[in-house]
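Visitor: Quick mapping for you: the protein sequence lines, in order, are chains C and Y.
If you use this note's numbering, the first sequence corresponds to residues 8 to 402, in order.
If you use this note's numbering, the second sequence corresponds to residues 368 to 512, in order.
Please keep in mind that the hints were generated in silico from the structure rather than gathered at the bench.
Each hint can be trusted.
Only pairs whose alpha carbons sit at most 25 Å apart, straight line, appear in this in silico SDA-like list of lysine to any residue: (1) K38/C / A469/Y; (2) K378/Y / G296/C; (3) K210/C / I373/Y; (4) K28/C / H489/Y; (5) K182/C / H122/C; (6) K493/Y / G49/C; (7) K387/Y / G89/C; (8) K38/C / L497/Y; (9) K57/C / L482/Y.
Facing chain C, a subset of chain Y residues (Cβ under 8 Å, in silico): (10) H391; (11) I422; (12) L436; (13) I496; (14) P507.
The model shown is predicted, which means the values in this text are computed figures rather than measured ones.
All C-beta atoms in this analysis are idealised placements derived from N, C-alpha and C, irrespective of residue type, glycine included.
Residue strings, one per chain:
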Amino acid sequence: MSEIIPIGPYHPLQEEPEFFKLHVEGERVIKLDIEIGYNHRGIEKLAESKSWDQVVFLVERICGICSTSHPAASINAMEDLGGIEAPERAQYIRTIICELERVHSHLLWLGLAGHFIGYNTVWMWAWKYREIVCDVLEKVTGNRQSYAMFKAGGVRRDILEDDIPWILKKMDELKPSIDMFLGAVSDDPVIHARTKGVGILTKQQAIDYCVVGPTARPSGIAIDVRKDDPYFAYDWVDWDIVVLEEGDVFAKTACRILEMKESVKIIEQCLEKMKPGIIDLHITELPAGEGIGRAEAPRGEVYHYCLSDGSNFPARYKVRAPSYTNILSNEVACEGQTVADAALVLAAVDPCYCCTERIVIVDDDNNSEKVISGNDLIKLSHNKTEKIIKELGIK
Amino acid sequence: MTWTEIKKQIKSKFGKKILKWFEHNDNRIYVDINPADLVEFAQYIFKELKARFIIASGVDTPRGGIEILYHFDFFQLPQVFSLRVFLKKPEIEVESLSSVIAGTKWIEREIHELLGVNFKNHPDLKHLILPEDWPEGNYPLRRDQ
Numbered sequence: 008m009s010e011i012i013p014i015g016p017y018h019p020l021q022e023e024p025e026f027f028k029l030h031v032e033g034e035r036v037i038k039l040d041i042e043i044g045y046n047h048r049g050i051e052k053l054a055e056s057k058s059w060d061q062v063v064f065l066v067e068r069i070c071g072i073c074s075t076s077h078p079a080a081s082i083n084a085m086e087d088l089g090g091i092e093a094p095e096r097a098q099y100i101r102t103i104i105c106e107l108e109r110v111h112s113h114l115l116w117l118g119l120a121g122h123f124i125g126y127n128t129v130w131m132w133a134w135k136y137r138e139i140v141c142d143v144l145e146k147v148t149g150n151r152q153s154y155a156m157f158k159a160g161g162v163r164r165d166i167l168e169d170d171i172p173w174i175l176k177k178m179d180e181l182k183p184s185i186d187m188f189l190g191a192v193s194d195d196p197v198i199h200a201r202t203k204g205v206g207i208l209t210k211q212q213a214i215d216y217c218v219v220g221p222t223a224r225p226s227g228i229a230i231d232v233r234k235d236d237p238y239f240a241y242d243w244v245d246w247d248i249v250v251l252e253e254g255d256v257f258a259k260t261a262c263r264i265l266e267m268k269e270s271v272k273i274i275e276q277c278l279e280k281m282k283p284g285i286i287d288l289h290i291t292e293l294p295a296g297e298g299i300g301r302a303e304a305p306r307g308e309v310y311h312y313c314l315s316d317g318s319n320f321p322a323r324y325k326v327r328a329p330s331y332t333n334i335l336s337n338e339v340a341c342e343g344q345t346v347a348d349a350a351l352v353l354a355a356v357d358p359c360y361c362c363t364e365r366i367v368i369v370d371d372d373n374n375s376e377k378v379i380s381g382n383d384l385i386k387l388s389h390n391k392t393e394k395i396i397k398e399l400g401i402k
Numbered sequence: 368m369t370w371t372e373i374k375k376q377i378k379s380k381f382g383k384k385i386l387k388w389f390e391h392n393d394n395r396i397y398v399d400i401n402p403a404d405l406v407e408f409a410q411y412i413f414k415e416l417k418a419r420f421i422i423a424s425g426v427d428t429p430r431g432g433i434e435i436l437y438h439f440d441f442f443q444l445p446q447v448f449s450l451r452v453f454l455k456k457p458e459i460e461v462e463s464l465s466s467v468i469a470g471t472k473w474i475e476r477e478i479h480e481l482l483g484v485n486f487k488n489h490p491d492l493k494h495l496i497l498p499e500d501w502p503e504g505n506y507p508l509r510r511d512q
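All chains, please: the whole structure from these sequences, using the hints.
Guide: And the structure:
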């Protein structure tokens, strides 16, 4: 007897609306249908009525968590279109903002994942340390989110020399907490039991589904736009790309934590290497033609394509966010998982969902419907963790 | 494989099937091809040359047709390789790449509903981001409507 469990149209755990139909047999998921489009805002069409400068602000609104990744890809596309090279200091500042954002985004995800498997301490600690990053972002840009720092040809605000020692001090505060999370994840038998071997995306599947970022790298694919198509200051600093082989939820978690360490390394080097200089070229016009810009967001490659007819507005603006390819890969990663695990696998690609709490269980044979809340879904997951804790005999 | 080798292989394999080879700069390459050759091209660069499909962009052009750009890149190389097909109105259709590249399933559905392109042999060409009751024949990104 197969049942369908719909999760959505708003995911109970995370932030953006998506609709998953889990076809289950007993406890096992046999098929997954994914529906998106519940929050389609027509940004590509809207971009055609905005000036180039306004487009950067517009795309900043695509994602509330990694709000600077889209502007980064956007200015890369515009600079590619116009053959513009931004000043060195601006490139360093851009890199610092992007990496700070990666750290806070990964911490946010780690907190949610911790909460979901029943480790509320991880959730509270991760979000506590995320505050350090948000404080730095506020000091540097004036905002905790949606920084409005980027523009084609430069940045809008400089990092003050007086602030640099303070930022470095904050980075020092952050480092032990990242190490602590790494230790917690690699040593905890319960986290191992919940995440190892769960939701495996094999290397071949990752290639077929064209996944990116921390969904591809834990499956053994060494791609990262920052290395492959270096932009900003990424090839002027020394850092390593994190690649793991297992492709399960554990590898995805470990990959993100290790990436935070690299990010802090990048930020420190940028602050050290940055020399005084101009930060903006004051570009006023862009020529006719095509431009392609890429940036490595916390969730993977963001891709922007723009077509210009030489006017002040783009003739066509195409955006591809990383979740667009990553979410589709759940089709294969969820197969054969239990319901409690499947929800974790869906969250492991760190997509953007929305949190109105609603689940309906539809029984195919009896046509009956049972509505349970999102809290119940989390409870389902917590129960599994508690069961494992009991089995392992841990207090 | 280096970009020079990849470029040589594509050029020698397809020769005259390449209608236009345009390099905007070292890292951004646009290649115009006939829609009829699309599957052969995609198959070759995805399977043989191990390219990664990034996304496809559909553009309604003032030239009386719709352009689709299929963007690819190659493992650890900075080049973005965009295959461009031009579909003349009113019969805007092209073969679906979903049997070759699983990752094209969604974007073909999206281009179908936003620009009205018919992807032949797509497994399920239903709406992706527009609601199911969206009026038929109404394509939001078309300029002639």
